[in-house]
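Undergrad: Next come the chains, spelled out residue by residue.
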Amino acid sequence: MLGYIAKRLLGLLPTLVIVGLLVFLFVHLLPGDPARLAAGPDATPETVDLVRRDLGLDRSLPEQFARFVAGVVRFDFGNSIRTKRPVATEIADRFMPTFWLTVWSMAWSVTFGMAIGIISAVYRNRAPDRIGMALAVSGISFPAFALGMVLMQLFSVQLGWLPTVGNDSWRHYILPSLTLGAAVAAIMARFTRSSFVDILGDDYIRTARAKGLDERHVVIKHGLRNALIPVVTMMGLQFGFLLGGSIVVEKVFNWPGLGRLLVDAVDMRDYPVIQALVLLFSLEFILINLVVDVLYGLINPAIRYK
Amino acid sequence: MQFNYRPLACALAFAAVAAPAYAAKDVVFAVASTFTTTDPYDANDTLSQAMAKSFYEGMFGFDKDMKLIPVLADSYDVSKDGLVYTIKLKRGIKFHDGTDFKADAVKANLDRVTNPENKLKRYGLYNNNIAKTEAVDDYTARITLKTPFSPFIAQLAHPSTVMISPAALTKWGNKDIAFHPVGTGPFKFVEWKATDYLKVEKFDGYWRKGYPKVDTITWKPVVDNNTRAAMIQTGEAHFTFPVSYEVADVLKAKADLDVVAAPSIVLRYLSMNTQQKPFDNPKVRQAIAYAINKEALAKVAFNGYAAPAEGIAPQGVEYAVKMGPWPYDVAKAKQLLAEAGYPNGFETELWSAYNHTTAQKVTQFLQQQLQQVGIRTKITLLEAGQRVEKVESWQDPATAPVRLYYVGWSTSTGEADWALRPLLYGESWPPRLFNTAYYKNPKFDAGIKGAQLATSSAEKSKFYKEAQEAAWNDAPWAPLVVEKLLSANSKKLSGVYVIPDASFNFWEVDLK
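If you're matching them up, the sequences are chains B and C in order.
At position 99 of the first sequence (counting the first as 1) the number is 99 in our numbering, and the numbers step up by one without a gap.
At position 458 of the second sequence (counting the first as 1) the number is 764 in our numbering, and the numbers step up by one without a gap.
Simulated from the structure, these hints should not be mistaken for lab results.
Hints are not guaranteed to be accurate.
[Said to hold, decoys possible] Straight-line C-alpha distance at most 27 angstroms; calculated DSS-like pairs for lysine-lysine: (1) Lys84/B - Lys452/C; (2) Lys211/B - Lys499/C; (3) Lys84/B - Lys425/C; (4) Lys7/B - Lys396/C; (5) Lys413/C - Lys84/B; (6) Lys477/C - Lys499/C; (7) Lys526/C - Lys84/B; (8) Lys452/C - Lys413/C.
All chains should be built: construct the whole structure from the sequences, respecting the hints.
TA: Written out as structure tokens, the structure is:
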């Protein structure tokens, strides 16, 4: 197992190199001159040239790529064009708020989603199922920014219970994680339900019931474990998406997260930031996939790693 | 209301026994975007420069009505040939680091920005005209220009031209000064967390006695309009700008809030590429100006928080001439189009420099208005990068793809030169500056040049008048509207003003 993980981690490197090259070419293909954008609307051509040299954009593409790779190897991603601060600092400032928001959103939405999913599957086509699935469909279809605004209007402006913006205390996390997790909870509920419905008709469930186990045992012990494989896959994917930051939630709650950093960076053609973020997101996805694969083995011992 | 706060105030007082007897006055400003830098010489956005007024001041500045006033300067003199400016400085002013403000600071700051080695974004604003700066004695600075430039004092009043402590500049260097600003302003820099806030605190040695009246200001960049509106309702912010038209009415209904619609010099116009058919014909351009109902535009797209433009430079800019509004007359527009040989109109592109909701409403309204005189337009809302590529840095004027272009301008020097020269001067075609109409009229250019060299105010105003009348009649633009600036503040807050170029004045800020 450890050997397997080590091998997978080694396999990371070529993937990241390819991603790095692609993202480098991609950002340089974006229309718009970063020097002109950084210099601002009333800058003269001389000023734009100054800014261009300052940013190192007057060099040839291969030279810029070589400098980029040489920097990345030393974990130096350069300075942001927009703020002139090191890219590593810009990302570090926002990584933890995004990470914790993701963790809290995932925590409640997975618990809640799976509970609804299981209940819906057990009471299939009866009232609890209908209510659960109605909730799930509204969770998917209600746009996050509208949900965020409604929650803020209600709990911050009208009732005055919770703060509007910032991330200083646990109270600041409640509304954003509710907003961010709503769609995930809905997806988890639907996924768990369909996975459970399949399994509840399987032979080993019938056997379990036949040997006289009570229904709770059948569902939790025999059903849940087997139903988990697709649910865990989905969980990993959702976790990866949320770690990329949510533009909408970050905008509404002014959350200092990675999503807005990426949007701002694209707006200003802030090449170093875009490159570092895309590399980071790829790395996150690869690592999450690895964790998911390892989890498969824990959930189902029949799965072997070679 | 008052009584409800008493127990809380008592509790706080107990909690902080060591604190002074009065309650700290901490003010929060919620603004629309993150600051790019604290260094006004390296900033190109109005907001960063407005925030920098917390700790920086210039020799000259603007009052809340955008009238030019001396700040750190006491008086000035111009030589007969208009080349040498001698500025007397106020005495007894200290920087936050304890050093005295003297003429060497003027030299250090202007030398810094005119040196291309320092690669500052405002380089172009100064290097064109400043030849050298000298400290004649401790309180006299002398600036020599390359060519006479009568709006020079207005340029010194621009929020970029601030006095940074020379000692701090030496200590931190050209780049790092942005993270350690040291000026003469009412507030000292405390902390900047780029994602969250920038905090400043009262400077006890401030030269205007009795000011500042509050202990700290926290600048919070909050992108979303509705979120800022929520913050001012919950009391988490005391002042917010801008307020979107949609929420203005909601905020107006709150008893403890004031919504202020301040006059601005933000002009919105529709520029037409005069080098390309059919816009090379002045009759076509005039027809377009006639075809648009500006009153209705202000109502439809700006919810009434705008007024029809009355000239080429908006009222409030020094030397602006009032000539309009341009009348709305569909019959006349049709007649002019027929005379120009387009009785059935034509097809063309309509671009917008912005892609926000208001720009969307404006362009749709313009499309519908032009349709009525037979001009069919295809709308494209340009995103910032596209705008730069297709308009601002297009190299060859002959092939410039821009036709009808909806855009705006705010004159940050408050003086006609910067309202006219970047936008309509013959040498200001992109990529040099912003003459997106590719307009060139010797009469207009002569007016601008003449005003630059003029030595008396009367002479200047004559030249600017000629230039503006020429451009108005030629109609390289259809002047549309002048916006109003909507801000909201808690009734407890006073002394904060949004000034006409969308910057802020707040050294008198106080909290009840």
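Undergrad: Each hint needs a verdict: does it hold in this structure or not?
TA: These are the hints, each one checked on the structure:
Between Lys84/B and Lys452/C the CA atoms are separated by roughly 32 angstroms; this puts the pair beyond 27 angstroms, and the hint is violated. Restraint check for Lys211/B and Lys499/C: the C-alpha separation of about 63 angstroms exceeds 27 angstroms, so the hint is violated. The suggested pairing of Lys84/B with Lys425/C holds, with an alpha-carbon distance near 13 angstroms, which does not exceed 27 angstroms. A threshold of 27 angstroms between alpha carbons decides the hint, and for Lys7/B with Lys396/C the separation of about 71 angstroms lies outside it, so the pair is violated.
For the hint linking Lys413/C to Lys84/B, the alpha-carbon distance of about 26 angstroms falls within 27 angstroms, and the restraint holds. Proposed proximity of Lys477/C and Lys499/C is supported: the alpha carbons are some 22 angstroms apart, at most 27 angstroms. A threshold of 27 angstroms between alpha carbons decides the hint, and for Lys526/C with Lys84/B the separation of about 20 angstroms falls inside it, so the pair holds. Between Lys452/C and Lys413/C the CA atoms are separated by roughly 16 angstroms; this keeps the pair inside 27 angstroms, and the hint holds.
Consistency note: the structure conflicts with the earlier hints numbered 1, 2 and 4.
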